[in-house]
Amino acid sequence: MPAELIRILIGLVAVAVSVGLIGLVMVWVERKVAGHVQRRPGPYEVGPYGLLQPLADALKLVGKQLFMPDNADPILFWLAPVLSFLPVLLLFLPLPLGDGLFTLDVNLGLLLILAFSGLAVLSLLLGGWASNNKYGLLGAARAVAQSVAYEIPLLLSVLAVAFVSGSLDLATVVKEQGTWPWNWNIMTQPLAFLIYIVSALGETNRAPFDLPEAESELTAGFHTEYSGMGFGLFFLAEYANMVVVCSVATVLFLGGWHGPVLPGPVWFVLKVSLLMLLLVFFRWTYPRVRFDQLLNINWKWLMPLAVANLMLTAFFVKLAQYAVVKM
Amino acid sequence: MDALFQGLSLDYLAACDYAKTGKTWQVFLPASSLVKAAERLRVADWHLEDVLALDCAEGFVVTYHFAHFDKPGRVAIRVLAPHDAPNVPSISHVFDGALWHERETRDFHGVIFEGHPNLIPLLLDPDMADCFPLRKEPKSRAKTREMLEVGEVVYCRPSFTLMTPDAPAEGQESGGPAATA
Amino acid sequence: MTRYADMDQVAGDFYTNNFAKTAKESSLILNLGPQHPSTHGVLRVIVEMDGEYILRAEPVLGYLHRMHEKMAEVKTAAQFIPNMGRVDYGHALAWNWAFLGAVEKLAGIEVPERAEYVRTITCELNRIASHLLWWGAYLLDLGAFTPIMYAFDDREKVLDILQMPTGSRLTYSYYRIGGVALDLSEDCLRSIREFIPWMRSRLPMYKDLVSDNIILRKRIEGVGVIEPELCRRYGATGPVARGSGINYDVRRAEPYSVYPKVDFIVPTSELKDARGRYDVRMIEIEQSLRIIEQCVEQMPEGDILVKGAPKPSWKAPKGEAYFAVEGGRGKIGVYVASDGGKNIYRTKLRAPGYSNLSLFAEVSSGTILADAVAILGSLDLIIPEIDR
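Going line by line, the protein sequences match chains B, L and X.
Once you know that position 19 of the first sequence is 19 in the working numbering, the rest is easy, because the numbers rise by one and skip nothing.
In short: position in the second sequence from 1, add 1000, done, that's the working numbering.
In short: position in the third sequence from 1, add 2000, done, that's the working numbering.
Warning: the hint list may mix true and false statements.
[Said to hold, decoys possible] In silico BS3-like links for lysine-lysine, alpha-carbon gap of 27 Å or less:
| no. | chain 1 | residue 1 | chain 2 | residue 2 |
| --- | --- | --- | --- | --- |
| 1 | X | Lys2218 | B | Lys300 |
| 2 | X | Lys2261 | L | Lys1139 |
| 3 | L | Lys1020 | X | Lys2070 |
| 4 | L | Lys1139 | X | Lys2024 |
| 5 | B | Lys134 | X | Lys2024 |
| 6 | X | Lys2218 | L | Lys1020 |
| 7 | X | Lys2342 | X | Lys2315 |
| 8 | X | Lys2024 | L | Lys1020 |
| 9 | X | Lys2075 | L | Lys1143 |
| 10 | L | Lys1020 | X | Lys2311 |
| 11 | L | Lys1136 | X | Lys2307 |
| 12 | L | Lys1036 | X | Lys2024 |
| 13 | X | Lys2315 | L | Lys1020 |
| 14 | L | Lys1139 | X | Lys2070 |
| 15 | X | Lys2075 | L | Lys1020 |
[Unchecked claim] Negatives, chain X to chain B, calculated, CB over 12 Å:
| no. | residue |
| --- | --- |
| 16 | Asp2153 |
| 17 | Glu2194 |
| 18 | Ile2196 |
| 19 | Lys2218 |
| 20 | Tyr2256 |
| 21 | Gln2298 |
| 22 | Gly2308 |
It should be emphasised that the hints constitute simulated quantities derived from the structure, not laboratory data.
Just so you know, these numbers come straight off a predicted model, no measurement behind them.
The beta-carbon is built from N, C-alpha and C at its ideal position, and this holds for glycine as well.
Only chain B is shown next, with the shape it has when bound in the complex (with noise of 0.2 Å):
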């Protein structure tokens, strides 16, 4: 199936595109957003409105010496930021920015995107690991339990949304969703919304949940070592895999391409972008959580209401199927 290939290459070269571009983009929102939140302006001597402020911190990035402390273990160092970015792209390849407009058509889209993600805490902790560095040590171990334990609640969420649509195909998911606000899944799984929000940015590590490189406990966590292109590395990852997050919640809940009057991959762009925009927010409003503290939320809030929620949608579920075979 030369097509097929053809349409994963084209697809893949646009992604890793996309990604490099809308990491730069998040860097300039992120920095003027946060700007604005705490009174100041942002970058803006760079380009107009500092436009051009990321492709100097690119460029200074791409600049630096690539450094690796004594003793640290070179494959392994290396391998982690690589590691940590190289999933991102294949997670983007099942994502439907409209009706069609996807790279992979698989019907298990959901779960490879998933199962990728998971990934993302090897590299993290690879590069704490792997780095010599106690802190780095730290912050990995956080981030392994961190992960581990924010993947359940959002594993659970995700799946009511799947037992409401019936299918894991993310084409499908997006289908059976309408036009308009009242019709998408929010409306029908809004405690899942908010679980798989939550355990989003535990598992994107972006703050309040950002322990594995909480800056004032562990000076930079599991990139403590990490210069040049092997910090770029992880720091375009975060923001790949926020926009992962964010289009599969999109997805999921807000009706993906669906919207009046737009055609649908910009109602797609839009819905993501003010998703990321409230990760931005929240990011530079609330202080960090404690370590424990975050452990308490998941096991003793997420997990159980999760759980909650997704047997109701499973009762429902099958009331709903009962009531129509019964008509």
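Following the hints, position chains L and X against chain B.
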């Protein structure tokens, strides 16, 4: 204050003028009764403000300033440590705050606090542990009685000569700013 | 990596090795600092950890040690004043005041009343700046990035005001033996009058912005409980003691200057934890505003420097004096002893942060790393003051 130190072996006890020197009592103790005095102050809820050494001609005058959270006043407990063997018992097990103050005094003056659990350099580099920056040249050391306030003597051990001999004649406190250049 | 398993024992410096002697077999020894984001400069704390739990902690000082006490021995009293602005960059004027208060007490110099008012106003303004600095930096420690910008926005206004009479923005050396260097101009007084209501309007905003935030409350409530008894043992003063319910403020306990004439409360908190210390400092900003307001109203006309004020070559008379003021971090005490020579014979600086930090080892053991950072921050550390 004299009631507080009842029965302790004191050298010198004087009430001082707060308005002039910022302290209300001054006590000279032999090193042997320092810990007991500290314990009594501890029971009476005084807290340790600081520990300092004053390098005088007669020896290091190790001074402990105590103040109280509920009532005004300041007590200066003083112990004389001779230059050749500057040993003073540590009060760090009574006042934990003394842990660092004593280490600092050791850094600056080389006063050894016996019984201190961790008398390692605190502010100075461990490599210069034998260099005591605040020790004076022997010829430039001043006499104790020239600087310390005599106060209103309540008790003075007859053999204690640090403050007594020509102190009243000096009148350094009543003189005020007479020594202006 | 097993090859390097004993690396730390080999590579550790004097303090690490000394600390590691009594460490348990399987624990992790971590050096927080001297370069660490939450140690505010160059404090170093060696901690022994079991997972995230801290078994033992030991602060290591001296990375910013400048031996001010030795410098005092080689300078005349007047020449030493600029040093005092550099001991504590947060509340520099209180240190100015403590040293000059001791020298004035030693020499029996009476400060003109207007100068006392000027000192009180500027010192309280500086206290507000100090508390704002703490507030921003503390929340930064707790992972909230934004408040420090708001705090610095307001602090900037204070610094602008203080710049008018003092000429500097951080390391002031504004007070003189027997008064102050410059009078408060009309312009300056007007700015102060404008600043007071503005700052008052900001405090509720701070509360809405972050003080009531649930994450913040969970981070600092019940964290780092310091019993009053502990304060007494370690000689902790200032907001640390007041946050533990000890009603002790040098401005009240040993009244100096015009403080007996102004009306203000000494806030205390019975919470004893980081929250208590947080609340105390926030109320202190309000109280400082009250003091400034009253002082500006009551301030008489007159000299700002005593007649025949000492010149730089002035020799302090024989004697000794101890003078304590309430700084942003607690009781600042300066002891001077003079033999009548050119320079003051011995100057001893009692830094409040020094005593406050010394209790950290005891309070932090058994907490988790994040709490230790929260406790460290709640003590309001200014490292140059601790190291002197």
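Hints, one by one, checked against the model:
For a cut-off of 27 Å, the pair hint linking Lys2218(X) to Lys300(B) stands: about 16 Å separates their Cα positions. This hinted pair does not check out: Lys2261(X) and Lys1139(L) have alpha carbons roughly 47 Å apart, beyond 27 Å. Of the pairs offered as hints, the one joining Lys1020(L) and Lys2070(X) holds, with about 25 Å between alpha carbons and a cut-off of 27 Å not exceeded. For the hint linking Lys1139(L) to Lys2024(X), the alpha-carbon distance of about 50 Å lies beyond 27 Å, and the restraint is violated.
With a C-alpha separation of about 17 Å, the suggested pairing of Lys134(B) with Lys2024(X) holds against the 27 Å cut-off. Restraint check: the Cα-Cα separation between Lys2218(X) and Lys1020(L) comes to about 49 Å, which exceeds 27 Å; the hinted pair is violated. Between the alpha carbons of Lys2342(X) and Lys2315(X) the distance comes to roughly 5 Å, so the proposed pair stays at or under 27 Å and holds. For the given pair, Lys2024(X) sits about 53 Å from Lys1020(L) by alpha-carbon distance, which is inconsistent with the 27 Å threshold.
For the hint linking Lys2075(X) to Lys1143(L), the alpha-carbon distance of about 21 Å falls within 27 Å, and the restraint holds. This hinted pair checks out: Lys1020(L) and Lys2311(X) have alpha carbons roughly 22 Å apart, not beyond 27 Å. In summary, the hint linking Lys1136(L) to Lys2307(X) is not supported, as the alpha carbons are separated by about 35 Å, beyond the 27 Å threshold. Proximity of Lys1036(L) to Lys2024(X) is assessed by CA-CA distance (about 35 Å); at most 27 Å being required, the pair is judged violated.
Proximity of Lys2315(X) to Lys1020(L) is assessed by CA-CA distance (about 18 Å); at most 27 Å being required, the pair is judged to hold. A distance of roughly 18 Å separates the Cα atoms of Lys1139(L) and Lys2070(X); the hinted pair therefore holds under the 27 Å criterion. The suggested pairing of Lys2075(X) with Lys1020(L) holds, with an alpha-carbon distance near 23 Å, which does not exceed 27 Å. For Asp2153(X), the non-interface assignment is contradicted: its Cβ lies about 6 Å from the closest Cβ of chain B, within the 12 Å cut-off.
At the 12 Å boundary, the C-beta of Glu2194(X) stays outside the reach of chain B, the nearest C-beta of that chain being 19 Å off. At roughly 21 Å, the least C-beta separation between Ile2196(X) and chain B is larger than 12 Å, which holds for a residue marked as non-interface. A beta-carbon of chain B is positioned within 12 Å of the beta-carbon of Lys2218(X); the least distance is around 6 Å. A cut-off of 12 Å between C-beta atoms confirms that Tyr2256(X) is not in contact with chain B; the least separation is 37 Å.
Annotated as non-interface, Gln2298(X) keeps its C-beta farther than 12 Å from every C-beta of chain B; the closest such distance is 35 Å. Listed as a non-interface residue, Gly2308(X) keeps its Cβ farther than 12 Å from every Cβ of chain B; the least gap is roughly 49 Å.
The structure fails to meet hints 2, 4, 6, 8, 11, 12, 16, 19 from the earlier list, while all remaining hints are met.
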